Structures are given as C-alpha cells and as structure tokens.
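Number of protein chains: 4
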Amino acid sequence: MNLELSGIIAYPITPFTREDKLDMSAFEEVLNNLIQANADTIAILGSAGENFYLSDSEWESILKFSAAHLKGKLPLVVGVCEGTTANAIAKAKKAEQENADALMVIPSAYWKLNDEEILQYYQEISKSTRLPIILYNNPATSGVDMKPELILRIYNEVKNVQYVKESTGDLRRIHRIQELSNYKLPIFSGSNATAYEALMAGATGWCTAAPNIIREAPKQLYLAIKASKLDLARSLFRKQIPLLSFITERGLTQTIKAAFRILGKDYGLARKPLLDLSRDEKEYLEKLLIPLQAAQMM
Amino acid sequence: MNLELSGIIAYPITPFTREDKLDMSAFEEVLNNLIQANADTIAILGSAGENFYLSDSEWESILKFSAAHLKGKLPLVVGVCEGTTANAIAKAKKAEQENADALMVIPSAYWKLNDEEILQYYQEISKSTRLPIILYNNPATSGVDMKPELILRIYNEVKNVQYVKESTGDLRRIHRIQELSNYKLPIFSGSNATAYEALMAGATGWCTAAPNIIREAPKQLYLAIKASKLDLARSLFRKQIPLLSFITERGLTQTIKAAFRILGKDYGLARKPLLDLSRDEKEYLEKLLIPLQAAQMM
Amino acid sequence: MNLELSGIIAYPITPFTREDKLDMSAFEEVLNNLIQANADTIAILGSAGENFYLSDSEWESILKFSAAHLKGKLPLVVGVCEGTTANAIAKAKKAEQENADALMVIPSAYWKLNDEEILQYYQEISKSTRLPIILYNNPATSGVDMKPELILRIYNEVKNVQYVKESTGDLRRIHRIQELSNYKLPIFSGSNATAYEALMAGATGWCTAAPNIIREAPKQLYLAIKASKLDLARSLFRKQIPLLSFITERGLTQTIKAAFRILGKDYGLARKPLLDLSRDEKEYLEKLLIPLQAAQMM
Amino acid sequence: MNLELSGIIAYPITPFTREDKLDMSAFEEVLNNLIQANADTIAILGSAGENFYLSDSEWESILKFSAAHLKGKLPLVVGVCEGTTANAIAKAKKAEQENADALMVIPSAYWKLNDEEILQYYQEISKSTRLPIILYNNPATSGVDMKPELILRIYNEVKNVQYVKESTGDLRRIHRIQELSNYKLPIFSGSNATAYEALMAGATGWCTAAPNIIREAPKQLYLAIKASKLDLARSLFRKQIPLLSFITERGLTQTIKAAFRILGKDYGLARKPLLDLSRDEKEYLEKLLIPLQAAQMM
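Residue numbers (the numbering used here), protein chains in the order written: chain W, 1030 to 1327; chain U, 1030 to 1327; chain R, 1030 to 1327; chain F, 1030 to 1327.
Any given hint could be a false lead.
Which copy is meant is left open, because identical chains are indistinguishable; a pair holds if it fits in one copy or across any two.
[Stated by the list, open to error] Simulated pairs of lysine-lysine, PhoX-like, Cα-Cα distance not exceeding 20 Å: (1) 1100 x 1122; (2) 1301 x 1122; (3) 1141 x 1311; (4) 1301 x 1156; (5) 1102 x 1268; (6) 1141 x 1301; (7) 1255 x 1100; (8) 1100 x 1050; (9) 1248 x 1294; (10) 1176 x 1248; (11) 1248 x 1102.
Just so you know, these hints were derived from the structure itself, not from any lab. Given the structure is predicted, the values throughout are model-derived calculations rather than measurements.
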C-alpha cells in the first residue's frame, strides 16, 4: 500500500429516519458535505458515526454505500470497534472486500484487557487483512487505555499498524510517542480540543467530526499550521475552540445532530439511551455555531 | 410478583467447544453444579457468563435452555447488557416470554451517559415488561457509575426496579443506599472481595460466580452471617478471601474457566481478546483452590 | 516495650481561644471527656488535632500537657506529620522525652515520594527512637498512598513499625495486609465510615475522633463486635453511621468543633483557611447528633 | 503597580551544605546563573526551591538575600506555600517589606479545601499586602485543584490576583481560562512538558526551573514563538522536550541538583525524605543533558 494519510480525516455522522432506520439519502448528503469541506480522508463508522449503536447489517450498509460513493474521490477509512477478536476480523475482511483504504481499530472491553491481550488483538486482525491499521486510543469511550510504550510495542510488532490516533488530549502522550518512535510513527489527534497544539507539536493530521458542521474551518487551521502561519493559525484556533470543546465534552453524536438541526438539516437523533441536548445546551450551541458558519461563507 | 430474592445468586459461566461454539451439554453440567451447590437463584448471561461476548442467537439459546432446565427448581435471573435501549427492551421481552423471574440490567456506554439518560433507560425497559429489575452498578466493566443518590432516584421513579446489585466494593455506597432508602431497598453485593462485609452491614444477598468452583462455600458464609455466628463466619471468610480477591481482580471468566480445568473440567476458554491465565497465575490459582475444594468434601 | 494497643484510640481536637491561641484549660476538658468515654488510648496531634496547622511550640505544649495529664491513666500516642525527615526525628525524640507510649507517623509530601523514600523515612525515624511506631496511611490528606505490599515491606524491614492505621476505607486493603502478614500485623481502622466492617474483618481497633462528641458509642460498638454480638453491633452501627460518614467527608476538625458548640462547648474554630460549617450543614449535624447524645444518657 | 510580568520566570534551587545548612554563596551563583541565562524574572522559594522543606528562618534568609542581590537587576517573585492563612499573610508581609515585586501563592491543604475556603484564603492574603499575586495551581504537589471556573472567580473577586500559573499540563484548562476571561487574565505555564503548546496557545510566559541547567534554551524557545518562527520553535522544543519531561516527572529538586553535579557544581542534595537519583536515572539524565549543554555554547 502506498497510501499516506495526512491532514483532515473527517467523520460522517449516521443519519436516522423518524423510525430509527438508516437514512441513506441523508447519509449521501453528509458525505458530500464533507467532500465539499475539503476533507483529505473520510472515516466512516467511528465514534461520531454511532458505530457502537449499529447492528451488523447497518454497519455493512454504511460501508458498502460509502465505498461506492467515495470511489475515485477520497480515501476511505473504516471503523472497527468490536467486543470479540472474531467479530473484529470479520469486519476487517468486509472492509477489505469493499476496497477500503485503511482500518481504524479500537479495542472494546467489558473485562479489562492487559497489554498482551491488546497486542494479540491487533496482531490477529493484522494477519487477517492487507489493509493498513490506524491504532485508535480513546480510553474515555472504550475503557481501554494504551500508553505510549504499549502503542510503540504494537507499532513495532504488528505489521499493518502504521498510524496512531491519540484521543486523550494529553500532549505529553504525543511527545512520548514521537520520542519513542524517533518521530517516525505518524500521529493523528483524535482530540478536537487540543488538535491545534497536537499539530503544532508535529502531528500528521486531525481526526474530527467538526467539518460536518463548521465545514472547512478545521482544514484551514491545519493548512495555516503547515504553512507556519502562526498568527493566522492562532486566530483560527481561537474562533473554533469553544465549539470544539463543547462538542467533545457533551458528545459528538448528539451535538452534531443538534447542530445540523439548527442549520436546517434533520438527520434524526442519536440512538437511545443517548438523549438530545437540553434547551439550554441547544441555545449555547447555536451561539457557538453562528459566527463559525458566517465565517464559512466568506 | 411475589418473588423475593435473597441469599446466593449464582452465575454460571458459558462453556464453549474447541470450535468456539456454545457447549450446551457442558452448560447443563454447569447449571446442575450450581443447583447442587445450594444456590438460591441462578443468574444467567452476566459478566461471568460472557454476555458481552455472545451473539444475539447465542444469548437466546442460553436463555431458552436455562428457562427449561431450571423450571420448578430455582428462580431465574437474566442479564441484560446492551448498547441501545431498543436492544435492551428486545431482550427483556424475550426473557419475559421464557418466564424468567427477574432481569439484571446494567447500562452499557460508549458515549458517557448522564443521569437523565440512565434514568430513562431504566424507565423504558421497565415499561416494556412486567419482570422485576435488579439495577446493576459495575463501573469497572460498564464504564457507567451510578452513585447512591442516582440509584435511589431510579428506585423511586421506576416501578420495576426493586433490587440493586452494587459491585464497586465500596462499603460506603452500601451504607448510603441503606440510609437513603431507610433500609428498604434490598442490596446484593456484586463484589466478591467485600461480600463478607456487605452481608455484615445488612446486604440481602451476594451475587457471585464463585460457587462454580468452590460450590457451597459462599452459601455457608452467608448462612453463618444470617445465623449471627460471627466467629464461624470470620473463619469461613478468611479461607475464601484470597481466592475471591484473585478471581475478581484477574477476571471472573478467565479464572473460573481455568479453575474448572484444574478441577478436571474443560469448558473451553474465554473468548478472545481475553486470554487464558499465564502459567504462574494458574499455579497460584491452583494453590488457592485446593484447600477450598478439600473443605467442600467434608 | 510490652505495650499492646487495641480497641478505641481516641483523638482529641485542639481547642483555640478567640485570639486563636491554644486553650489549655479547654484541652484538659477535651482529654477528660475522652477518658470518661472509656477510650483505650489517647492519640494527640493527629488529623483531628490540627497537627498540620500548629506551630512547633504549640505542638510541644500539647505534648507536654498531655503526657503529664494522662500519666498513669491511659497510653499516649503522639502524631508526627512533618515535611522533612529531620523534623520528624526531632518530634519523635521530644515524644520519647515525655514518655509517650507510641508514635503515629504519616509521611507528608510536596514532591511525591517513591517507595524507597518512604521506607527510608520510616527507617530513619525508627533508628532515632525506642518508641513503637504506628504506620499511618491516609492518602486523602497526606497525598502519599502506601499500598499493602509497601506497608508489609516497611513492617518487615523497620524494627519499630508495629502497627498500621489504614484510612482509605477500602476493605480490600485490610484483607490484603492480613493475608500478606499472615494475620500478624495489627491493623487499626482510620476510616470511621467503614470501621464496623474493619472490626468485623478482624481489625485490632479503631482510631477515631468521634468519642469527642458521641462519647462511649464507638467503644460500645467495638465491644459488641468483640463479644460476637452481631445483632447488637449492627444496630449500634446503624445508629452511628450517618454521623460517622458526615464528619469524615466534611472534615473532622470543623465538624467536631461545630458539634461541640451544638452541645454547648465553645472550643473555637478550626484554623483558616478551614472555615466553619454552613448553616445548613450545622442543622444537618444537629439532627444527626441529638439521638446519639440521648442514647449516651441511658 | 505598573509591573507587567511575561516571558521566562526562572526558579532557583536552594543549595545546601554537606551539613544541610543553606549555602548562600552557592545560592548567589545560582541566581547569577539565571540572570546570565537571560531570565525575565526570578521566582524564589518555589517548588524547585524546596519551599515546603525550609524552616521559617531559612525562608527569610533566602528572601532577604535575593531581594538585595536582584535589586535593580530583575523583578523578584516570592513563593508562599503555607498551611494556615495566618502564616501565609505573615510571609506576604515579609516579602513586601523586602520590596519584592509579586507573590506566587499556592494553597496547601491537609484537610481538603472547598471553593469558599480557597477564595477567602486568597482574599485575606490580598487584603494584607499591596503586592500583585500570581495564583498558582498545582494539584499534583499541593493536593488542591483549582478548576478554571474557580480561578476566574478568584481573579474577579480578589483585587491583587493578577496572574495565574497553571501547572496541570492540561491545555484545555488554559483554553478555558482564556475563554472565560476573554483573553484578559495572563497565564503562565507551570508545566515544563507542555510549555511549548501553552505558549503557542497564547500563554504570557513560562515558569520554569530548567534555566538552572539548560540556561538560555527556554528563553530561546519563548522568543522563537513570540517571533512566530514556527519551524525554529518546533526544532528547539524537540531538543528540550525529553529533558523537560524527565525533570518534571522525576521531581525538579532532585533532578536539577543531580544535573548540577553532572555539570560540576555541588549544590547539595534535596532534603530527606527526598532521595538522590539512582545510578540509572543519573546516566539517563546525563545523556539528556549533554547535547543541550553543547547547544548552549554555540
């Protein structure tokens, strides 16, 4: 594989109808919106895409539609978040069948996993596919925390693990991964609230669902940093940071679907037990959103 | 419903064949073993039963077999641990169809749930069934922590929530639930390592997978406390506590299946990514187990 | 030394005048009150005694007065909580000069201490005195957490360390210390809220400031457990637990001084930055206190 | 006061003789070294200066010497870290008497402080002096965590609190303080390991003991960022970050004194219970240090 991922990896949400079924025509709009927002790569079936809340057949529908729709347009990354290694391998194979470009793999745990269990989990998935793997660390959602030392061990021992998405928001983790890998392991910031700093520290890119609602703004920030335009970058960051912080803390799925409704698009609600934002939260979100939308139009 | 649960609620493990399929004849042995160990109630599809790692059809097979096998023998509690409210309701209905006696319901979360989301989750399940619900709090596995104040709110507002299984091992939580409910809400200890103290403090019973491998020992401890035989209880507790601590800390599923192999029963391995115990861990487990087995024979 | 400590180790508060000076006549009342409450041992200059907030000369005044006053009456334990090893040794020597019976030593840290630093801290103090040492673990106040394995190492390597006071409230710690020491290391519960369970599990005694305000009640609970009167013990515990929980969570110093004022004794306020209870907290405390006082009169 | 602090606030360590007394001629060298390293301000009696481990008279000696020595050279900030409000006020008054330029005040707690106690602590100190106060948040050492919302409340209500030193290393805290204060409250990074990112995000300066041993390197990094030279800044940061991370994690006092010995200067050891680095740690430190020293010579 000669694919080299970098820049903005954008996460589509998964729209539902009022009957809580997949709304595929809405999903097409969501994908097109991200393409127009100048995303470098599309990552489906991630946290923002409610992967954890979908049935296997829904997961497959999203995969097939995306693969067909994005073909020849943008690279496609497919999220894998399964309780068993066997199920993760099954999904990896399906992604490969549909000619996805990479897998984003997070361990999911009921019983806590030790380092050996996590390593073998990645090893077995890697052996089942030729797709490159982005190791995804997000203890706040998955309950599994992979420290930099473990991430490096997996990177060194598991052939297809070629990237890491780090979502703790702790910059020291990124420094440590850089140091341990002699700056060779490409790191994506999975934390919206500290993406600016991660990119300043040399991260390869930023995995974010924010382009759904603030469109090109994350890409502009990324480009300003790559061009070493520090004043511009800081100015862009300061406009975005209150919104980025809020959607991360309150939950990407609920906040982005609520933001879409504020913007006139009804893509349904997040699946229960997740609940819609309160009235106060919606008003706060609206305040954060409007100036960023205006900025987009210029 | 006139059912009143108390005493030992025992958790069967789920045996697999070498091909990683359900081994139903082994499961029958496992159930019979718990009945012979004098358990008061059987709770299937719990943490120890690898609920999180089973497919929907496997979940249903275990339910149907257990309902048929335990009919007229012991009350049956059915574990529900689902990512969406809709799936939890579907499983609650299946349990009711099979004439289960109660549900053991734990929230499962990818995105963190707030109090309102947890309350509504229990409320919607309650409205879908006539079965009593045991609210199950176990943040170490589920990632959702329900504090005593929230548990009481759910108990007061959700009709079918009639029991709580508290698994944090923090006795202060049990004291607080007792105080807030004026000692009315029956509490089961879901923590093996502090079950002795929870029962001393007035817990109604003990939810445990330990009877799989140390058979009547937990029931004997429970009865000694109920009979106010403090010296006997303390003596029984001291014999059990090293094993109870180890199986809880290292993971019930893996340790109990390993213990069964030590005892000559091959019920398969826990599903990957969970791995079998290391050689050292098995030797330690064997040392803990043998005297407790000998004690059982007397 | 043939001293064997057990039972209730009671902690006097340190009364201040309105000018924030030591009030020694009030302190005499406080000591006499604990003696009359049937305490087995008095431990001065502890957490409840505002050790951390006293000057060196105040510390010494409390020591000298207590040593003289308790001579021939009750064993005297002296609290040592110093930032440097040199200061801890200086205080240990002063306690020995005044013929104290034991030291209660907690490490205090600005920079986090590693195991070796903690071990050597105890080792050097031990070598400076012939007094037995109670190792005191209370990470919530001191910022230093000594796990059972480290406590055992110190117990095994440091001659004068002969007891442990465990204040985390985690019963699993007590079980582990018992198991590791083969039930030889005497453990005092430093957690009021879980003292009942610690004693049930075999703790040697209970270190508590509660006798200041509920007098003999903790001793009665201790005696009921020692006499294996489980029903009586549980009944006594249930009367005390709401108060014990509240004073521990809200801060012993402030709550006990507030309780004394409710009971008609003005022993001053805790030193700033600590503030007095709010009006609501005082009303709640009064409600908790009155029935326990009434019980004392019988 | 027209003083405006910014840039590098450098922290001298406190040298001791072999008899564990203050070594004032060595201290003069330490101060001069920081002046020559182009520090913008000197902050004595901080974490690195072993404030917590000094007697009151030692504290005063360091203050008086520094005030005399720095007069007309560099602004002087004085650290205040006391258990009682009264002692903090006494030290604030002494600093003012010696014409210090500002106070660096951290709450120190045995009993946990609530928001009201922390606010009044700062309020009373502020009322006792005309010196500006840098609010210092460092929960890892002090045990008191001041969240951005509380910091803003103190900033708004306490007249002399004019700066904040944030040491958690969590960039989200800095973003939040900026947002809440509309970018008006000047923030110093107290975290070495994330100072680069804090400055990129708009921090006013960096409080650091690193100039003791890597001299102008932190100032060069600060200046590169201020000049918007992103490539240079990132290159300087990558050279420094392994050392900055190590000294922060292992303890500033011990690592900087060990580094001085490697560099040929014996300024004594940190006070016990703190222990010197192990042999392996010293070798690792030496490896980190040498290239940075070489860089300084150019």
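field: Hints violated by the structure (listed by number, smallest first)
entry: 5, 7, 8, 9, 10
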